[in-house]
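With chain G held as given, fit chain X onto it using these hints.
Respectively, the protein sequence lines represent chains G and X.
Going letter by letter, the first sequence gives residues 0 to 375 in numbering that gives the first Met the number 0.
Going letter by letter, the second sequence gives residues 0 to 112 in numbering that gives the first Met the number 0.
Please note that a few of the clues may not be correct.
In silico contact screen, one side only, chain X against chain G (beta carbon under 7 Å); selected entries [what the hints assert, rightly or not]:
hint : residue
1    : Tyr52
2    : Val62
3    : Arg92
Residues from chain G shown here face chain X by an in silico Cβ test under 7 Å; the list is partial [to be verified]:
hint : residue
4    : Met192
5    : Leu245
6    : Leu292
7    : Pro294
8    : Asp322
9    : Gly326
Just so you know, the hints here were simulated from the structure itself, not pulled from any lab data.
Quick reminder that beta carbons are idealized off the backbone N, C-alpha and C, glycines included.
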Amino acid sequence: MPLSKTILLVDDNTLVLEMMGRALGKEGFECMKAGSARQAMELLKEERPDIILSDYHMPEVNGFEFRQNLIGTEFKDIPFMFLTSEVDSDVMLEGINLEAVDYILKDTPVRVIVTKINNFLTTVREQHERTLKELSKAAMALNLHSVPQKLPVIGGFEVDFWHKPFQNYPGGDFIDFITVDERHTFVVLGDVMGKKWGAWYFSFGFLSYIRAAVRICISEGNFSTKSILQKINSVVYHDPVVNDVLSSLSLVLIDAKESIIKYSGAGDLPLFYYNSKKGAAKEVRSSGMLLGLMPDGDFDEIIVKLSRGDQVFILTDGIIDADTETGKKTDYNSFIKAVTPFLRRPFADFKAGDFLKCKSNEHIDDCSLIYLKRTT
Amino acid sequence: MILQTNKHQDVLVVTIQVKEANLTVSEKFKIELFAHIDGGGKYIIVNFEEVTYVDSSFLGKLVSALKHAITNKAEIVVAGLNKDILGLFQLIRLDKAFKIFDSTDSAIANKGK
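So that you can see chain G by itself, here it is in the shape it has in the complex (with noise of 0.2 Å):
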């Protein structure tokens, strides 16, 4: 199995608990162990298992019934499995009845027990794979990116993203770029709070109000990227689909003609500027609250000149998040610690190193990274 699995066991004799605990321990299973129905209700309360295994024959409340109470909750889609010495063929067929997928008399060797743990298991995985490329799939087909398939061409610029979503789900992290003419592009990089397809799904949502407001207040001859967040914010507040989704934003207007950006930001991290003629790197924060937070998010709008060679970096969280030795850390300083010795180098160097590829294999979150550079 690639990752542990966790396994409820459900018998009144301890002995069998043991055994089996131990010996689905072995094959690196994490065991729940259950005395009784109703303890076994309590664990699940505390912690989701990927599949159980119930004894039929116990006081109280027995296997069968135990099963006809998860039917009609939000535990009825863990897989259940009946563990148990009853042999008679109509009390078999009525616990197979009960939506379980298997039953398994407790004379069988433990190691075919665990197989045939093992082999479901991998067929809800392969099974969940397949499904997961087809929704993909038809997400492509409809042309729903959340992040950009080309990279803008500016004069005097340089522009890259890095992006990874979590375990490989299409996430909450999205990223565009709106070319607006040769002189104004926007650089967008939002992160809806949530992981996988429930954050994805509202990620367009968002990208659509954005590219709106973009689109609105250009026409309206205003560039200005606190004036775009304000309108942004103010439809998110209302919009009762979106207003229980939070979600970060950085909004970065570059101006290839005055080699400026214009940056405004909604409870994202702090752009990472690096001046090239100093040789001196800071942050750059702006105030606003998350999208859809608060009436007023508060916002306001920084102007950066760019010199050639400065660099500019946006990022969102899973950049900064670590597995380290005493558990997982948000940590801003590890990302300008592991950038600083790429700032002379081609940011496909960094791209490359072993700081996103250690994100990459982690999957705490999201991540995502944009770069800028000016570069006459």
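Frame of chain G; chain X shown alone:
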């Protein structure tokens, strides 16, 4: 249960009982915290003392509970953030949305101020 609840007169202290407050517990956290707000809690202290790491899914639920609390004329404050989590709150300006206290005792003492 993700939250252990203690009542001090009309103050509710809810202690998050996991080390890693992430996606796997965030929905449960939201349901339990919403239930406290719907149950009439007007001053709720969310105690992070036992938490070492919090991800954005979990923070999203905390913030959505804050919005629910505001609608219900209730207040949610946070206490017991470790250095990293406090840093994250400040980094993404959640310190503007929540009152932050070192401990539940100082959060209790603040009630009504």
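Practice problem: Report holds or violated for the interface hint on Pro294(G), using the least CB-CB distance to chain X and a cut-off of 7 Å. | Solution: Status violated, d = 10 Å.
Practice problem: For the hint on Val62(X), just tell me whether its beta-carbon gets within less than 7 Å of chain G. | Solution: 5 Å, holds
Quiz prompt | Closest C-beta approach of Leu292(G) to chain X relative to 7 Å, hint status | solution = This interface hint holds because 6 Å falls under the 7 Å limit.
Quiz item: Regarding the hint that Met192(G) lies at the interface with chain X, is the smallest CB-CB distance below 7 Å?
Solution: 3 Å, holds
Quiz item: Taking the closest Cβ pair, is Tyr52(X) under 7 Å from chain G?
Solution: For Tyr52(X), the interface hint holds, since the closest Cβ of chain G sits about 4 Å away, which is under 7 Å.
Self-check item: Restraint satisfaction for Arg92(X) [CB to CB of chain G, less than 7 Å]
Solution: 5 Å, holds
Quiz item: Against chain X, is Asp322(G) within 7 Å by beta-carbon distance?
Solution: 9 Å, violated
Quiz item: Taking the closest Cβ pair, is Leu245(G) under 7 Å from chain X?
Solution: 5 Å, holds
Self-check item: Gly326(G) as an interface hint toward chain X, with CB separation required under 7 Å
Solution: This interface hint holds because 5 Å falls under the 7 Å limit.
Checked against the numbered hints above, the structure breaks hints 7, 8 and satisfies the rest.
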